[in-house]
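Undergrad: Residue strings, one per chain:
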Amino acid sequence: RKEVEQDPGPFNVPEGATVAFNCTYSNSASQSFFWYRQDCRKEPKLLMSVYSSGNEDGRFTAQLNRASQYISLLIRDSKLSDSATYLCVVTNNAGNMLTFGGGTRLMVKP
Amino acid sequence: EAGVAQSPRYKIIEKRQSVAFWCNPISGHATLYWYQQILGQGPKLLIQFQNNGVVDDSQLPKDRFSAERLKGVDSTLKIQPAKLEDSAVYLCASSPRTGDIEYFGPGTRLTVT
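In the order they appear, the protein sequences are chains A and B. Using our numbering, read the first sequence as starting at 502 and increasing by one per residue. Using our numbering, read the second sequence as starting at 1222 and increasing by one per residue.
Where hints are given, some of them may not hold.
Unchecked claim - Cut-off 30 Å, straight-line C-alpha distance, at most; resulting in silico cross-link-like pairs (DSSO-like, lysine-lysine):
(1) K1283/B x K546/A
(2) K1265/B x K1236/B
(3) K503/A x K1299/B
(4) K1265/B x K503/A
(5) K1236/B x K543/A
(6) K1283/B x K543/A
(7) K503/A x K1292/B
(8) K1299/B x K1283/B
Derived by calculation from the structure, the hints in this document are not laboratory data.
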């Protein structure tokens, strides 16, 4: 089993739609969780951290379920500019090493 | 604030040749990472430095890859000799401390023919 697993997609959605991605991780002692965004042929950039209580940043909501070992990302009112690959990132027990998932590709269509 | 700098941006070499990549992290960032990202996959950590010491290099193919971070600032990653399967984007990232948010450079796209 991979340490961090994501559905590669692509998820094709119309503008204005709500879309959700899940990511599962194998290390139950993982400390921290993040979502990064990567545009085509660009470097990954932090989208948001994921806190135990869940967190929201505008149209983006991230949630953590430690019992089931998954994190989720919800995007409301999708924009064309949201088209990108979304990478799930999990740290190890000590919180000093990050492991990236393979990414989920989102394509928002007009 | 200047971001992570990498050079070259693109490199094409033949198999069995050698290549080196350079990275200059964000000023003051103690932790530096080298990742390999193959097309369609997420970044895979090759090596992590804390200042000029190695924190983890368990996924670095040490028979052909080497990296150093002299003086705890700039870093170089070398491949010698290159194989076809080394074709990938090599990303350098830095963070203020281990486990903190990582800031990535633009990457070096390597093609091995």
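Undergrad: Now tell me if each hint is right for this structure.
TA: Hints and how they fare:
Distance restraint check for K1283/B and K546/A: the Cα-Cα separation of roughly 28 Å lies within the 30 Å cut-off, and the hinted pair is therefore satisfied. For the suggested pair K1265/B and K1236/B, the alpha carbons sit about 22 Å apart, so the restraint of at most 30 Å is met. For a cut-off of 30 Å, the pair hint linking K503/A to K1299/B stands: about 27 Å separates their Cα positions. As the CA atoms of K1265/B and K503/A are separated by approximately 12 Å, the hinted pair is consistent with the 30 Å bound.
At roughly 26 Å between alpha-carbon atoms, K1236/B and K543/A fall within 30 Å of each other, so this suggested pair holds. Between K1283/B and K543/A the alpha-carbon distance is near 27 Å, which keeps this suggested pair within the 30 Å criterion. For a cut-off of 30 Å, the pair hint linking K503/A to K1292/B is broken: about 35 Å separates their Cα positions. Of the supplied pair hints, the one linking K1299/B and K1283/B holds, its CA atoms being roughly 10 Å apart against a limit of 30 Å.
Violated hint: 7 only; the structure is consistent with all others.
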